[in-house]
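There are 2 protein chains.
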Amino acid sequence: MGEVRNKAALAREAAQAMNLLTTEQKNEALLRMADALVTERASIIEANAIDLERGRANGTSAAMLDRLALNDKRIEGIAEGLRQIVELPDPTGAVLEESTRPNGLVIRKISVPIGVIGIVYESRPNVTVDAAGLCLKTGNAVVLRGGSAALESNRRIVAVLHEALAQTAMPPGALQLIESSDRSSVDEMLKLNGLLDVIIPRGGRSLIQNVVQNATVPVIETGEGVCHTYIDDEADPAKAEPIVINAKVQRPSVCNSMETLLVHERYAGAHLAQLAGKLRELGVELRGCAKSRTLVPWMGEATEEDWRTEYNDLILSVKTVSSLDEALDHIRRYGTMHSECIVTENAERADRFLREVDAAAVYHNASTRFTDGFEFGYGAEIGISTQKLHARGPMGLPALTSTKYVIYGNGQIRG
Amino acid sequence: MGEVRNKAALAREAAQAMNLLTTEQKNEALLRMADALVTERASIIEANAIDLERGRANGTSAAMLDRLALNDKRIEGIAEGLRQIVELPDPTGAVLEESTRPNGLVIRKISVPIGVIGIVYESRPNVTVDAAGLCLKTGNAVVLRGGSAALESNRRIVAVLHEALAQTAMPPGALQLIESSDRSSVDEMLKLNGLLDVIIPRGGRSLIQNVVQNATVPVIETGEGVCHTYIDDEADPAKAEPIVINAKVQRPSVCNSMETLLVHERYAGAHLAQLAGKLRELGVELRGCAKSRTLVPWMGEATEEDWRTEYNDLILSVKTVSSLDEALDHIRRYGTMHSECIVTENAERADRFLREVDAAAVYHNASTRFTDGFEFGYGAEIGISTQKLHARGPMGLPALTSTKYVIYGNGQIRG
Chain R
3 MGEVRNKAAL
13 AREAAQAMNL
23 LTTEQKNEAL
33 LRMADALVTE
43 RASIIEANAI
53 DLERGRANGT
63 SAAMLDRLAL
73 NDKRIEGIAE
83 GLRQIVELPD
93 PTGAVLEEST
103 RPNGLVIRKI
113 SVPIGVIGIV
123 YESRPNVTVD
133 AAGLCLKTGN
143 AVVLRGGSAA
153 LESNRRIVAV
163 LHEALAQTAM
173 PPGALQLIES
183 SDRSSVDEML
193 KLNGLLDVII
203 PRGGRSLIQN
213 VVQNATVPVI
223 ETGEGVCHTY
233 IDDEADPAKA
243 EPIVINAKVQ
253 RPSVCNSMET
263 LLVHERYAGA
273 HLAQLAGKLR
283 ELGVELRGCA
293 KSRTLVPWMG
303 EATEEDWRTE
313 YNDLILSVKT
323 VSSLDEALDH
333 IRRYGTMHSE
343 CIVTENAERA
353 DRFLREVDAA
363 AVYHNASTRF
373 TDGFEFGYGA
383 EIGISTQKLH
393 ARGPMGLPAL
403 TSTKYVIYGN
413 GQIRG
Chain E
3 MGEVRNKAAL
13 AREAAQAMNL
23 LTTEQKNEAL
33 LRMADALVTE
43 RASIIEANAI
53 DLERGRANGT
63 SAAMLDRLAL
73 NDKRIEGIAE
83 GLRQIVELPD
93 PTGAVLEEST
103 RPNGLVIRKI
113 SVPIGVIGIV
123 YESRPNVTVD
133 AAGLCLKTGN
143 AVVLRGGSAA
153 LESNRRIVAV
163 LHEALAQTAM
173 PPGALQLIES
183 SDRSSVDEML
193 KLNGLLDVII
203 PRGGRSLIQN
213 VVQNATVPVI
223 ETGEGVCHTY
233 IDDEADPAKA
243 EPIVINAKVQ
253 RPSVCNSMET
263 LLVHERYAGA
273 HLAQLAGKLR
283 ELGVELRGCA
293 KSRTLVPWMG
303 EATEEDWRTE
313 YNDLILSVKT
323 VSSLDEALDH
333 IRRYGTMHSE
343 CIVTENAERA
353 DRFLREVDAA
363 AVYHNASTRF
373 TDGFEFGYGA
383 EIGISTQKLH
393 ARGPMGLPAL
403 TSTKYVIYGN
413 GQIRG
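Respectively, the protein sequence lines represent chains R and E.
Read in order, the letters of the first sequence are residues 3 to 417 in the working numbering.
Read in order, the letters of the second sequence are residues 3 to 417 in the working numbering.
Isolated chain R (complex conformation) (with noise of 0.2 angstroms):
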């Protein structure tokens, strides 16, 4: 048996155990986990700057290597969000619904946690923590394949983590690390029907195809964003311009920055060619329609690959419409179902952007970039999913929780 199946076999194992613990149990163990990961930084930092120096050799360009390092300040960060997981509450255990039948049999529905979840990520080594932390305060065992940047880090940190659990109630089992860095093993982990409850992607458009493509397991499918704000022609110039540029500028590289602006063509002729203005001061490449470019005429020209791209990147599609009919088409037809935003002073068309348009999250007068499980309030986030299954939107600990009906009766039998 390889070491895919083995470890996920493990997983299976120990999530046995896992489902029996108490709340207290398991945030005794992440505390544990958090204090470690502390007291064992050096060790640390010195397996992460293994991987730093390959990812120099390698050639990996200064914007992901800062994403790999690992100082002591970051690893406080990384056990801090640990210590933060520990505050909220345990959604396993609650009684969702109960009803008694006229036969007397007492049915009741209760969360539970999934069992064993697979994780499958990029180089980040904080998501290893931040993952295992999240799966692990739901009572799951977990399945980590994180990218091989970053396997040295990850292995000191599972085993720093071992160390921890070896000293709780919780089974180290309950927690895998995949070391294998070939390809195959993500291909491996997506067909365990059977030990592999669910597998949810964390990282770009081609680890999450992949997964979405090849996985016989079910999956949590995240990510992707060519979300929209569209400017309605009432809308008020003192939102849209700082939604705008807050949806596109803030942090361009995640999922729920805008990719595409729609402008009603009468809120064009009186505020783009400032908009646009503004935002090439900031940076950002502009992209637009031909009537966008009558209007602006130094911005570059968007071709229909254009409106199907998520850059994360500072770059803006733009496209000036006649209608919302014709803005709900555009979202309709390029839209992946992730945030989409009006701004608008018309109550009714906000109302009718709001019904109509089908995503995750959708905004009246607000920036797409609080599409996020920690602005939503939810203390965490797991990753966006953008599917309609299961969870839909950012993702908190909910999300990492099955149900199970339990039924009570004195004999009956069905008639």
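Simulated from the structure, these hints should not be mistaken for lab results.
It is possible that some hints are incorrect.
The list treats identical chains as one, so a pair stands whether inside a single copy or across any two.
[Claimed, not checked] In silico EDC-like pairs for lysine to aspartate or glutamate, Cα to Cα no more than 16 angstroms straight-line:
#, residue 1, residue 2
1, Lys-75, Asp-37
2, Lys-111, Glu-377
3, Lys-293, Glu-100
4, Lys-111, Asp-374
5, Lys-241, Asp-92
Given chain R, work out where chain E should sit, using these hints.
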């Protein structure tokens, strides 16, 4: 564009309009559908006769032909099923959560239709109407792919329903029937990401496994049930005997019937011979482990394969165990996480079983046959989920909904 993609695209388009219908409009459409089935029953029975004749020519079993056959009474029953769906509350449009964030954003989580649901099923034509009714009631469009054995019946039924819908606010395009009986039409459906939001398979093991193994669209796995009943040594025989008989004999062909009986050795010593005799009188073939066969020598021998088999027939495998732990181990190893039961008067052991067994439904002193949407009081059932994501156990109308975050702002941007 072939039939499958074309019809899925039409369903996707109709889903947009479906989402905007009121509950009254949806109910009105369902009532028209019910009336039309009754009015047009002669033409449906005529079409059904073609299927039956083809079935007879192909040597289809009498039992299968009976499941396929329609008559006045059955069509009235099917129409009545639609009227019952009308009576159920509409689960869409509900505000599931609402919060106001410190920055003033109001965040509402509301229930919405999933969008487009694909149903792949076998030959019973009543499923065509039932699945359509449940999906349409919840504001979803539906793409049906029934078994080729019922093709003429399904075509005529869907034509009748389309004529009925044409007189309502509901777009007939929301109901699509794939008529190609080629296996490749199923394969094509399974990959229609973007057009289908979910596929629900309804049928036997091979149909379900084909969907689970090959779909890239999210799937809700249903069905397979290797269900156990464990009789503890502190069981009351007056409860144990009827529960066991009911779970095996009342309707052996369905997924919630019992396939394996686990008996504590002390109970077995006192009662197994009598219980086995009663089961034999009821036509049940018994296949036992060595210990069981010592007590009941006429029992057949159970092989490893028996413990894994969903007989769906009057066959029962029997294992005598020396402890609750051994029973739990057996269920963990061979169960399909469907429905599992303990019969005991010992509350502590019952609690342990209910907590430790990982299944959609766990029973204390009641027949596993109750795992059913109607028995649970949901008034409907689209299937019984045996996976842990989205829905687990009997799925009523709420399982056909997703959620959406609607965020009301006043110019908020992220800091």
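Each hint, compared with the structure:
1. For the homomeric pair Lys-75 and Asp-37, the shortest alpha-carbon distance inside one copy (14 angstroms) is at most 16 angstroms, but the shortest distance between copies (70 angstroms) is not.
2. For a Cα distance limit of 16 angstroms, the shortest separation of Lys-111 from Glu-377 across copies, 14 angstroms, qualifies, whereas the shortest one inside one copy, 30 angstroms, does not.
3. In this homomeric assembly, Lys-293 and Glu-100 never come within 16 angstroms of each other (Cα to Cα): the closest approach is 58 angstroms inside a single copy and 40 angstroms across copies.
4. With identical chains, the CA atoms of Lys-111 and Asp-374 are at most 16 angstroms apart between copies only, with a shortest distance of 14 angstroms across copies and 29 angstroms within one.
5. Taking CA atoms no more than 16 angstroms apart as the test, Lys-241 paired with Asp-92 passes in neither setting, with 38 angstroms inside one copy and 37 angstroms between copies.
Hint compliance for this structure: hints 3, 5 are broken, all remaining hints hold.
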